[in-house]
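The lines below spell out each chain.
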Amino acid sequence: MQWLMALETNGDPISICRLMNIFRRKGVGVVTLTLAARPSGFSLMALVETPEADVDHLFNLLRRTEGVDHVTCYRHEPSGDASFVFIDEDPASTNVARFLQTFPESKLIFASHGKYLLEVPADRRARPVASDSGELQFMPFARVKTTVAQPELVAAQAS
Amino acid sequence: MGRVFTGSEILLESLSREKVEVFFGLPGGAVLPLYDALYSAGIRHLLVRHEQAAAFAADGYARVTGKPGVCLGTSGPGATNLITGLTSAMMDSIPVVALTGQVPLAMIGKDAFQEADTIGISMPSTKASYLVRAAVDIPRIIHRAFSTAVSGRPGPVLVDLPKSVLMEKAEPVYPSTPGSEKPERIREWRDEDIERAAEMILESRRAVFYVGGGVIASDAWRELRELAELAHIPVTTTLMGLGAFPSAHPLSLGMLGMHGSYATNQSICQCDLLVAIGARFDDRVTGRLKDFASQSKKIHIDVDPSEVNKNVRVDLALVGDARENLRALIDELKRQVREGKTAAHSGRQQWLQRIESWRGEHPLTYDKYGHTVKPQYVIETLSNFAAEDAILAVDVGQHQMWAAQFWSFNQPRTCLSSSGLGSMGYGFPAAMGAQLAFPNRQVIAVVGDGGFQMTLNDLATVAQYRVPVKIAIINNRALGMVRQWQEIFFEKRYCDIDLNFAPDFSKLAESYGIRGVRVEHRTDVPDAVRDFLSDREPRLIDFWVDPAENVYPIVPPGASLAEMVVEPPRVQVEEEEALDDLWAV
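Residue numbers (our numbering), protein chains in the order written: chain P, 1 to 159; chain A, 1 to 585.
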């Protein structure tokens with residue numbers, strides 16, 4: 001089963017080494033991966049292949065690893081509604097541009113080396129959409145775990 | 001501008017502010033500036049004869065005190081020699097801070113003399129590793145290292161110190177409190193989780209507490225005992241958990257797993273609720289995973305979220321500090337009982353009686369009447385004569401398992417063992433570290449002749465500083481556990497396990513100025529042990545034990561706990577003779 005792991009670390013490259021070593025030791029199959037440097041550290045996004053039973057352990061191991069600031073784990077939802085989409089495109093492709101045309105409210109979460117993660121508004125869940133120049137190529141994902149604090153939903157008080 | 005100090009002076013002051021009383025190390029080129037500063041500093045340093053012993057000693061110090069142990073090696077080989085000790089500390093969650101010398105900053109990456117990629121090499125063996133790039137950073141990084149070592153799940157941390165940084169001058173700013181003073185503890189359970197756990201405990205009829213080193217690390221043994229007595233639930237411990245619950249307590253089941261007793265392993269197989277506390281479902285504990293406690297619901301209490309559902313899936317996880325968890329659980333159980341929910345006490349009584357009958361069927365025992373010295377007898381005798389608060393450090397192998405089976409553990413932090421990594425050579429230097437922490441307590445290293453030969457060069461350290469550790473060698477002239485496995489699982493094809501070519505350990509000890517004696521007859525054991533433990537000097541006693549003795553019960557590799565072999569098969573006379581030939585010196 002495929003999962004998208006988005007990680008943010010501090011600026012010490014050894015933190016990235018620790019993460020890569022965890023993938024290696026735990027037998028996680030890395031399908032595609034990209035790394036980006038930020039002023040305060042590194043962002044890593046990896047599309048990985050690992051059994052569902054191991055994901056809890058992997059997520060918890062990553063989040064408690066020294067130097068890791070945040071981990072978010074997305075589950076591939078091939079047949080479901082996508083809150084998030086991952087696009088891995090070559091330089092000649094126009095997938096991202098066409099996706100943003102189709103879903104202009106989408107929010108870009110991550111972009112590096114042709115790999116894009118976008119959040120799609122809840123009322124416009126993305127499904128493969130035919131456009132003038134063919135079907136959009138993306139992978140739908142649902143966010144299942146994150147260490148990033150999410151805004152809490154507060155029920156409206158009846159007046 | 002305030003006063004400036006060298007990096008070495010700042011480092012020693014930082015250690016002092018972390019309340020480090022002693023550290024273990026061996027000097028070399030890259031750390032010469034540090035030893036120069038040490039010359040006039042008030043902090044105690046023990047010169048070991050190999051850096052591996054420094055790491056093991058720091059580990060031993062940490063296990064008995066709960067405070068981080070500190071070790072030091074120079075760059076290159078000094079650092080790489082620490083790695084086994086750090087890996088062992090990592091596996092057993094022991095807070096150790098390792099300081100390593102490094103070549104000057106400008107020479108890193110140039111393959112300089114005694115340069116090694118210490119940060120890279122230590123990465124999987126430590127919780128964290130830091131390269132210090134400026135002397136002014138030393139106070140902050142040392143603070144962070146000590147904090148990281150004790151926070152969450154404890155473990156080793158390495159700080160790599162380039163020679164240029166040790167020599168650089170800076171104006172230090174020290175954190176106001178020691179990093180190890182207030183460990184960070186996560187808490188991820190909710191009150192309703194504790195309520196549910198209490199309900200599960202009250203509903204169960206055949207519950208067992210399965211306790212690991214986490215209970216000792218979080219100082220939760222009082223809560224464990226209170227909870228066990230309150231709920232009337234028996235307690236089994238892992239090797240790491242020995243001492244967390246008194247061996248002599250009526251609810252004590254002793255150690256479980258590969259060499260656990262029949263009653264203990266049966267109780268795991270038959271229980272309807274297993275509460276794992278600070279334990280990690282290690283393969284030596286579980287046997288074949290799919291059959292482990294298969295009739296039970298499971299609760300897992302652990303400070304490390306990554307342990308939850310790693311090996312065994314559980315019904316309820318309480319991620320947080322064991323002590324805080326157990327306290328909340330005790331309070332909640334009492335509340336539920338006050339509200340009328342009663343424990344299934346009649347069922348519990350039947351359960352305890354059933355365990356007692358299993359104990360009667362297959363007790364832990366050995367041949368007490370033969371003419372040879374039985375290793376179990378030696379360990380039992382040592383345990384009987386040892387002080388109430390004696391600390392036992394074991395090595396790895398058969399004697400380690402016999403110690404787990406036959407030593408009576410009364411207090412926490414009295415059993416030191418390289419449990420996860422199983423590193424031979426650990427016992428003796430770990431005892432040395434423990435003795436430095438508690439100079440007035442009895443510290444006994446029970447080691448095998450194989451493991452002792454890996455670190456016996458530190459007899460010199462013990463002699464030099466008159467560290468009064470007691471070294472008891474369970475000498476079977478072989479790599480006993482390997483020999484046992486070759487005998488049982490490899491059709492007696494004994495290959496490279498013969499250690500008959502060894503020094504006379506008692507004479508070797510004498511050559512270091514340490515009293516040594518050899519014991520070869522069963523009847524001499526009690527008097528020899530009494531004399532061995534009678535003074536405050538380092539001593540060595542070399543017990544020549546029955547070389548054919550094996551550790552039983554045993555769960556064969558890949559088998560379930562229910563498939564344990566409780567006693568050795570009867571051997572034919574000719575086979576006995578063949579063994580006698582093999583062991584004839």
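No lab work stands behind these hints, which were simulated from the structure alone. Possibly wrong hints are sitting among the right ones.
[Claimed, not checked] List time: in silico DSS-like cross-link candidates among lysine-lysine, alpha-carbon distance up to 25 Å:
# : chain 1 : residue 1 : chain 2 : residue 2
1 : A       : LYS507    : A       : LYS374
2 : A       : LYS290    : A       : LYS310
3 : A       : LYS310    : P       : LYS26
4 : P       : LYS26     : A       : LYS374
5 : P       : LYS107    : P       : LYS145
6 : P       : LYS145    : A       : LYS298
To see whether the hints hold, each was checked on the structure:
1. Between LYS507(A) and LYS374(A), the direct Cα distance comes to roughly 23 Å. Compliance with the 25 Å bound is thereby established for this hinted pair.
2. In summary, the hint linking LYS290(A) to LYS310(A) is supported, as the alpha carbons are separated by about 13 Å, within the 25 Å threshold.
3. Between LYS310(A) and LYS26(P), the direct Cα distance comes to roughly 11 Å. Compliance with the 25 Å bound is thereby established for this hinted pair.
4. A C-alpha spacing of about 43 Å is found between LYS26(P) and LYS374(A), which places the hinted pair above 25 Å, so the restraint is violated.
5. Annotation: proposed proximity of LYS107(P) to LYS145(P) holds, straight-line Cα distance about 19 Å (limit 25 Å).
6. Proposed proximity of LYS145(P) and LYS298(A) is supported: the alpha carbons are some 23 Å apart, at most 25 Å.
Of the numbered hints given earlier, the model fails hint 4 alone.
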